[in-house]
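Engineer: Chains H and L, in that order, are what the protein sequence lines are. When we follow the numbering used here, the leftmost residue of the first sequence carries the number 1, and every step to the right adds one. When we follow the numbering used here, the leftmost residue of the second sequence carries the number 1001, and every step to the right adds one.
The hints are simulated quantities; they were obtained by calculation from the structure and are not laboratory data. These numbers were taken from a predicted model, which means no experiment stands behind them. Don't be surprised by glycine CBs; every beta carbon is placed ideally from N, CA and C. Do not take every clue at face value.
[Unchecked claim] Each pair of labels, with its calculated beta carbon distance range:
(1) L:Val-1012 with H:Ser-189: 53 to 61 angstroms
(2) L:Ser-1119 with H:Glu-339: 41 to 49 angstroms
(3) L:Thr-1150 with H:Thr-166: 29 to 37 angstroms
(4) L:Asp-1019 with H:Gly-659: 32 to 40 angstroms
(5) L:Ala-1125 with H:Arg-337: 48 to 56 angstroms
(6) L:Ser-1119 with H:Ala-168: 46 to 54 angstroms
[Unchecked claim] Below, simulated SDA-like cross-link-like pairs (lysine to any residue); rule was C-alpha separation at most 25 angstroms, straight line:
(7) H:Lys-423 with H:Ser-250
(8) H:Lys-197 with H:Pro-156
(9) H:Lys-341 with H:Asn-501
(10) H:Lys-616 with L:His-1145
(11) H:Lys-576 with L:Asp-1120
(12) H:Lys-616 with L:Asp-1124
(13) H:Lys-341 with H:Glu-328
(14) H:Lys-341 with H:His-546
(15) H:Lys-616 with H:Asp-551
(16) H:Lys-616 with L:Asp-1120
(17) H:Lys-616 with L:Ala-1125
(18) H:Lys-576 with H:Arg-619
(19) H:Lys-658 with L:Met-1041
(20) H:Lys-658 with H:Ala-298
(21) H:Lys-616 with L:Asp-1122
(22) H:Lys-243 with L:Met-1041
(23) H:Lys-423 with H:Pro-260
(24) H:Lys-341 with H:Pro-723
(25) H:Lys-616 with L:Ser-1119
(26) H:Lys-576 with H:Thr-207
(27) H:Lys-616 with L:Ala-1126
Here's the letter readout for the chains.
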Amino acid sequence: MLFQPHAAAAPAATDATRRDALKLGGMGLVLGLIWTAGPRAVQAQGTAEAPPAPNAFVRIAPDDTVTVIAKHLEMGQGIYTGLATILAEELDADWAQVRVESAPADARLYNNLAFGPMQGTGGSSSVANSYTQLRRAGAAARAMLVAAAAELWSVPAAEITVERGTVAHARSGRSTRFGALAERAARQSVPAAVALKDPSRFRLIGTRLPRVDAVAKTTGRAQFAIDVTLPGMLVAVVQRPPKFGARMRSFDPAAARAVPGVVDAVAVPSGVAVLAQGMYAALRGREALAVQWDESAAETRDSAAMIAAYSALADRPGLPARREGDAERGLAAAARRLEAKFVFPYLAHAPMEPLTCVVRLTADACEIWAGDQFQTVDQANAARAAGLRPEQVTIHTTFAGGSFGRRANTQSDYVVEAVSIAKAIGGRAPVKLIWTREDDIKGGLYRPLYVHALAGGLDAARNLVAWRHRIVGQSILGGTPFEAMMVRNGIDGTSVEGASNLPYAIPNLAVDLHTTTSPVPVLWWRSVGSTHTAFATEVFLDELAHASERDPVALRRALLAHHPRHLAALNLAVEKAGWGTPLPRGRGRGIAVHESFGSYVAQIAEVTVGGDGTLKVDRVVCAVDCGVAINPDVIAAQIEGGIGFGLGAALAEAITLKGGEVEQSNFHDYTPLRIDAMPRVEVHIVPSTAAPTGVGEPGVPPIAPAVANAVFAATGRRVRTLPIGANDLRTG
Amino acid sequence: MAIDFTLNGRPVSLDVDPDMPLLWAIREAAGLTGTKFGCGMAQCGACTVHVAGEPTRSCATPIGQVAGQAVTTIEGIDSPVAQAVQQAWQRLDVAQCGYCQSGQIMSAVALLTQNRRPSDADIDAAMQGNLCRCATYVRIRAAIHAAAQTIGG
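If we strip away everything but chain H, and leave its shape as in the complex, we get:
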């Protein structure tokens, strides 16, 4: 089964492939919109000529399909469905006629408005940055359909209605589907301004529309990068150094080349690539390779040594990330003072689809197929690696088999590696680079290891009067193009987010950062800084609640008086969970509330801890405020999944170093959550008319502290080191 580059270059979210779309285009396209500077800078791109590359947010074909062009990567978060819903709402399309196709890399047309001039997906920003943009695109397309109908029927445009994909004129009794108007609509002038619906008139937004990728993903038809096959393609695997920071000194390709099916073994900047007729031969060839490494600049420490060094740093002030009042004075004057240290391991993203990239390189063009998350960054980096100009690099964004942040890195690691391999063999064959699971687990770009030190002060009336929070760990953004924008006065915002914006009303507050360095490469991991700051802050606040003999919910309510959205989420979760109702011995309930990426999430976990220390999370009740709920079912799914993802890390995930080498290698020793540990989950959405925010990440941060606080309620034991499985919870 050969891959036809024009047949499925973009993942077909439904059964309509890109080839179909292009064919339809050839039959007489349709309607395209280009947004440039804003709502008034819209121009039509109607054409009946050769099929154009998709270059806008919507096409309407003569066969009545509406194709929404997605500028964001679909990696599981349901964004194809969300983007299509927003556009189809203003277009008044029939959901059954809507298809989704991925956009080509284009920083001008398809940039993430939250990121600036780059196309990329992350920071739970996709819906937030697309909401108004796609509403306007849909409304403009609708206006052009109306104008086409008015022209065709010689009736006033104002008398025309559009509903569920049908354009109608009641007085004359005429109606037609979008498809019949497609060509005429494309010739209409683009409206200079469009009126958007009042939200009370939404028909699609706020409903539980089925996901557009559901059928493809339950029949084996969904195309991921690993499924792409090109004629003559070779499969490549790379032998990378066993320690971070090491370099290849020399290698002997002879034994590898002797393996049947192996075609070549070549040096690339990241190591040595073995190319073969298939994965089995490539892996056998790699096993036969003999490589010598230069480890003079490599990380050689154990995790324990790093934790000890970080802990010593945490005993001293760092760079200020936030100052309110005078935390030192407040602590010194406190009637009671609590201190605690928290330890967080490196974490791997471990998306189920191992990193994969397919490259076809010629003298003047480079084509890339990947579950590509930073399209224009990857385009530029691929061009540099290939010795081409960015516009000579075409990115075909396939579905991604998960990412959790891994595919979004500014060095474009696996994309550049694939291009480097193709270049090293002179482009003589297309290359599919596949990372094995071992490559992935040992491959770095981890959530950093952190140590936090917190101190809190209570006055004689047990009021919380001082809070000091020191964070120690590597910078995610240091040395990346984001550094200039997001590192201020030595503070990497991703190291302190969730701590420096602590919402609680505490008069004396200090948040400090020590930024460490290591050759271990680090990266954002689903919910980024909040993966650790939410745990430290919400567990420590729980400790302070108990020290001040106040109910953890009551204390939070008191300290959140000026944060209504935190408070509303908290109150909804409290109400739904039955907070305060008694639980049997050995069971406990814990709460955490945390805002990330503009969404407010409260979670209450119920756990059972056996006398032998076995922990079972029984139930999680979650309340989320993400503004206007585009699709409540997708929101619930993201929160359910975020809880499971975060719970896996909370319970058992850790990457540890021994002599600089990663001790884990595959899913037997790096252990994400399995179904038997998944609790019952209830998701409740706070009604809101605020602008929509993301839900891909915000479900993750509260689960670990909620569970740790529930463990305390059940056992009286505080968990301050993650994963929880590293703690002894035996009470018997």
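Fit chain L to the given chain H structure using the hints.
Structural biologist: This is chain L only, laid out in the frame that chain H set:
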């Protein structure tokens, strides 16, 4: 030497190393890509297929072992149980990234074929070898129960 077996009801003959994992034979030699590579050591279940009806991790099964046997992949399931499972998966929108879901569905079909009314504990036992990094487990459980209802278990 060619290895003969039945793939989705059709006889096939693949001239590959008998030690090659069935997974790569299915994906690369037979060109069926619905079966996924996730770990290569039977730890994640993304590669689950049916061999003689039994759920089998194709990444850890040498193709030589399936000579003469019937292998079914996600592309080849069409029993009433399989249809009920796929429809339940769609109705409940189980899939997120979708990468593991072929394996999840193959395991679920095998479970429901043998046990038409599984309990939560039965589901956990049968499905715990299938990792889902998106953690769609709440809906996997619900969809298996829904499919069980459809087939009248």
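Engineer: The structure should be examined with respect to each hint, and the outcome stated for every one.
Structural biologist: We went through each hint and held it up to the structure:
1. L:Val-1012 with H:Ser-189: 53 to 61 angstroms: Holds: the Cβ-Cβ distance is about 58 angstroms, inside 53 to 61 angstroms.
2. L:Ser-1119 with H:Glu-339: 41 to 49 angstroms: holds (47 angstroms)
3. L:Thr-1150 with H:Thr-166: 29 to 37 angstroms: For L:Thr-1150 and H:Thr-166 the Cβ distance comes to about 33 angstroms; the hint holds.
4. L:Asp-1019 with H:Gly-659: 32 to 40 angstroms: holds (33 angstroms)
5. L:Ala-1125 with H:Arg-337: 48 to 56 angstroms: Since the Cβ atoms of L:Ala-1125 and H:Arg-337 sit about 49 angstroms apart, the hinted range of 48 to 56 angstroms holds.
6. L:Ser-1119 with H:Ala-168: 46 to 54 angstroms: Distance hint for L:Ser-1119, H:Ala-168 holds at roughly 52 angstroms.
7. H:Lys-423 with H:Ser-250: holds (19 angstroms)
8. H:Lys-197 with H:Pro-156: Since the Cα atoms of H:Lys-197 and H:Pro-156 sit roughly 20 angstroms apart, the hinted pair holds (cutoff 25 angstroms).
9. H:Lys-341 with H:Asn-501: Status holds; Cα separation ~20 angstroms.
10. H:Lys-616 with L:His-1145: Given that 25 angstroms is the threshold and the Cα spacing comes to 22 angstroms, the pair holds.
11. H:Lys-576 with L:Asp-1120: holds (23 angstroms)
12. H:Lys-616 with L:Asp-1124: Holds: H:Lys-616 and L:Asp-1124 sit about 14 angstroms apart, inside 25 angstroms.
13. H:Lys-341 with H:Glu-328: holds (17 angstroms)
14. H:Lys-341 with H:His-546: holds (17 angstroms)
15. H:Lys-616 with H:Asp-551: Given pair H:Lys-616, H:Asp-551 holds - Cα atoms ~23 angstroms apart, limit 25 angstroms.
16. H:Lys-616 with L:Asp-1120: The hint holds at about 15 angstroms.
17. H:Lys-616 with L:Ala-1125: Distance of about 16 angstroms is within 25 angstroms: holds.
18. H:Lys-576 with H:Arg-619: Cα-Cα ~12 angstroms, so holds.
19. H:Lys-658 with L:Met-1041: holds (23 angstroms)
20. H:Lys-658 with H:Ala-298: Holds: H:Lys-658 and H:Ala-298 sit about 13 angstroms apart, inside 25 angstroms.
21. H:Lys-616 with L:Asp-1122: Distance of about 17 angstroms is within 25 angstroms: holds.
22. H:Lys-243 with L:Met-1041: Holds: H:Lys-243 and L:Met-1041 sit about 23 angstroms apart, inside 25 angstroms.
23. H:Lys-423 with H:Pro-260: Holds, because 23 angstroms separates the two Cα atoms, which is no more than 25 angstroms.
24. H:Lys-341 with H:Pro-723: Distance ~14 angstroms between H:Lys-341 and H:Pro-723 Cα, so the pair holds.
25. H:Lys-616 with L:Ser-1119: holds (18 angstroms)
26. H:Lys-576 with H:Thr-207: Holds, at about 22 angstroms.
27. H:Lys-616 with L:Ala-1126: holds (19 angstroms)
In this structure, none of the earlier numbered hints is contradicted; all agree with it.
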